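A.B. asks: Here's the letter readout for the chains.
Number of protein chains: 2
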Amino acid sequence: MRMRIQKTFEALFALEEIRELFRTSLPTGFDLEEEAAFHRQIAELRTIVADLEAGTGSPRVAKIAGTIDLRTREEQFINIQPIQAAGRLTVEARKALISYGDGYSTCDACRKPFRLDKISKPGIAEFHEDLAKFVNMDQARVVPGARRGFQAVTGTLVEKGDSVIVSALAHYTEFLAVENAGGIVREVPLNENNIVTADATAQKIEKVEWETGKLPALMMIDHFDYQFANEHDIAGIGKVARQYDIPFLYNGAYTVGIRPVDGKKIGADFVVGSGHKSMASVAPSGVLATTDEWAAKVFRTTAMVGDLTSRMFGIKEVEMLGCTLMGGTLLSMMASFPAVKARTLKWDDEVKNSNYFIDRLLKIAGSKVLSEYPRKHTLTKVDTTGSFDTVARTHKRRGFYFSDELSSRGIVGEFAGATRTWKLNTYGLNERKIRYLADAFAEIAEKYEIPVAP
Amino acid sequence: MRMRIQKTFEALFALEEIRELFRTSLPTGFDLEEEAAFHRQIAELRTIVADLEAGTGSPRVAKIAGTIDLRTREEQFINIQPIQAAGRLTVEARKALISYGDGYSTCDACRKPFRLDKISKPGIAEFHEDLAKFVNMDQARVVPGARRGFQAVTGTLVEKGDSVIVSALAHYTEFLAVENAGGIVREVPLNENNIVTADATAQKIEKVEWETGKLPALMMIDHFDYQFANEHDIAGIGKVARQYDIPFLYNGAYTVGIRPVDGKKIGADFVVGSGHKSMASVAPSGVLATTDEWAAKVFRTTAMVGDLTSRMFGIKEVEMLGCTLMGGTLLSMMASFPAVKARTLKWDDEVKNSNYFIDRLLKIAGSKVLSEYPRKHTLTKVDTTGSFDTVARTHKRRGFYFSDELSSRGIVGEFAGATRTWKLNTYGLNERKIRYLADAFAEIAEKYEIPVAP
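Chains A and B supply the protein sequences, listed in that same order.
Offset between the first sequence (1-based) and the numbering used here: plus 277.
Offset between the second sequence (1-based) and the numbering used here: plus 277.
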């Protein structure tokens, strides 16, 4: 298996070398020398393909650019890393990336008014419309990561000293986006089940108003948080936002691209999603969608005039800093998009798989789930202090014994050495892999004589 | 030629389909069905490779993800598009991208303190050190485009109403970065040769101080501007910055990655470069480098504390919003970097090629160069109003006749339909291509009976 994977990369790389021949030759075609080099390289490619089929040969390529290892994690292993699962590229995204990797590849047919989201070849303009519809908002822009979406909103709405409501499980990028704008985060407490409720949000708003004499400038709440991936009462919170008339940013880093999101139904003024986290796209990428009303503000165009030249760059958007994802990042989003739209409709199956695995884990004596249960998400925080950690305490490899056992079964992505509380994500694993994964955990438990219920 | 290029892409795509088999199968290997599918796909690949070698067959792949055309611009044509030339990926970058395209691909071995520039596998930490050295500064961070580097600096240094010195040829992203921070651009006038001088800069500073009672908060000057790619007196301007003690941002979007840049010698406090414009990297990418003194400010870490949880995310940098380029963008920069470093040492050859082409263009009667001449850069603004435009005036295709003539000779990247003033870039074209390009322009002139001097 390993050699076949190695040879797949080598064949891809050999083709990139062949491609480079076209790039360095004249448009009129190869000269004799180039033609000879071409046939030599094709012969090499054939040898690699023969090895690829047979699984024979030895590695020819060790490093990229002399220093970078091949990354074969997704080919060789089942990867349960908490943040990587839904950012894995689709096959179409990988093709798009091969084709559109070059720097400003999106700009071949850029015409007036010279803005990324207006380009129609490739269909970037249409993609922007589709993106807005996808989360049921009026307008959307692609951004270099969800965090840059937060930044655009805080940069627009938050003045120095303003309060911003976030959850007690808010992601650090929300803290930074608020800090960057000069604001102050005010956290909504969790209930006993680690859930942010509408009531708690309303109370926090009241408290902020009481203490500062001013309503918060913005609310940013994660539908599912990054710690437990618990589902928070986002619709109820949306209603609270309406009641107090506070702009509401829906953080969909863990939803947009994997499950349906309806921004208007939620009552969101802004919907932010992450391309590399949940939309099978190259980093950094993401989406910021909003209503027509807010678009005028958050997507405001430049008003700056050169004092000497009177130059103006009228259509460029200040918070976007003009164009955002001018190449492979955007094309990977676009190429994955049909598959991403389709997969959000199969979210129930993903949740079912997640619960299947967690149920099996819970059969291993002493294991606990720290996230809400039954699971409503594929990301889960588990506590194996009472199970796998009991072995780590006396094992010479400590917690790493567990990583060793997993990787010997072709599983990676756990936090190496951690056997107490840790996170995993089953997103995108097919049923067969889920079963394999659960079996592997049970096998390891049995090997170390941790009881496993039938 | 075209069919061979088509088949190169088809072979790459077929390999991505094969790769997907590994991704969906169990780590234990293929089952019988998968093994059969694998052999079928290998057989298909062999057919494609046979067609690739012979240049036979018909296209099998029309669109990526059903809607996206193959982009074969760099394989089929000589591309003289002004901003694309130096962002074209190296072959190693394309390999890295194949390997590291997946979302958070950089994060496999992310350990405490959990920040992108601290990761040592792949060698991201070392790359950051190399990047800083490359432009002779103390510290560097990768950013999602040069514009995000400007933004980090204006966000740190510019308060509402502050003046920022820019050039009368400043790029629009500098305007936006200043506007975003609430500042006001103050343009330095050009001299009669469209050059920004140290004297003019000093005078503008004096004028701003006189008018506002305050020194500008920042100076941002392009070494070579985006309009003419004229070289401005960046070292003299650096001295002026020292004299007035104004922080100085060197905009190297058109230098870092193609010619040597020595930030300290220039007297820069900040050096900004663009990955997708000049470092053979995927967009959006770039670099922000600075001195140790300024690093403490522009790379300041978060001070925000959760009011309820007392959470702090100590090492995360506010202006970077934490991690920046967590995947393929960064890996493309890293993989191109050895070639990029090497090519900056061959800048003189590039300039020689640029002048060779411009000299040949000037032999075509009525042609002018609007940029400084002899050229010191590969990007040039030309004026063909007196040559190629004389034909356009009566041609039924108007200016598009010129595009037609170029593309029939395998040349693209001119602004379609433009025959008066327009920009082109010869960066990266080898001598043979440069000669071919110059010949093509002469041929077109001769075809339309525009005199060409010997």
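In case anyone wonders, no lab produced these hints; they're calculated from the structure.
In this text the structure is predicted, and so the values were computed from the model without any measurement.
For each residue, glycine too, the CB sits at the ideal point set by N, CA and C.
Hints are supplied without guarantee of correctness; some may be wrong.
[Claimed, not checked] Stretch by stretch, here's where chain A covers chain B in the computed footprint (C-beta under 8 Å, at least three residues):
| # | region |
| --- | --- |
| 1 | 336–344 |
| 2 | 351–357 |
| 3 | 579–593 |
[Claimed, not checked] A partial selection of chain A residues facing chain B, derived with a Cβ cut-off under 7 Å:
| # | residue |
| --- | --- |
| 4 | Gly-604 |
| 5 | Tyr-713 |
| 6 | Ala-715 |
A.B. asks: Could you run down the list of hints and mark each one as holding or not?
C.D. replies: Structure-based check of each hint:
1. Closer than 8 Å: that is the beta-carbon criterion, and the region 336–344 of chain B has 4 residues meeting it against chain A, so the requirement of 3 holds.
2. Chain A is given as covering the region 351–357 of chain B, and this holds because 5 residues of the stretch bring a CB closer than 8 Å to a CB of that chain, at least three being needed.
3. With a threshold of 8 Å between beta carbons, the proposed coverage of the region 579–593 of chain B by chain A holds, since 10 of its residues qualify and at least three are required.
4. Hint status for A:Gly-604: holds, given a least beta-carbon distance of 3 Å to chain B, under 7 Å.
5. Satisfaction of the interface hint for A:Tyr-713 is found here, the shortest Cβ-Cβ separation to chain B being roughly 6 Å, below the 7 Å cut-off.
6. Proximity of A:Ala-715 to chain B is violated relative to the hint, the smallest CB-CB distance being about 13 Å (cut-off 7 Å).
Checked against the numbered hints above, the structure breaks only hint 6 and satisfies the rest.
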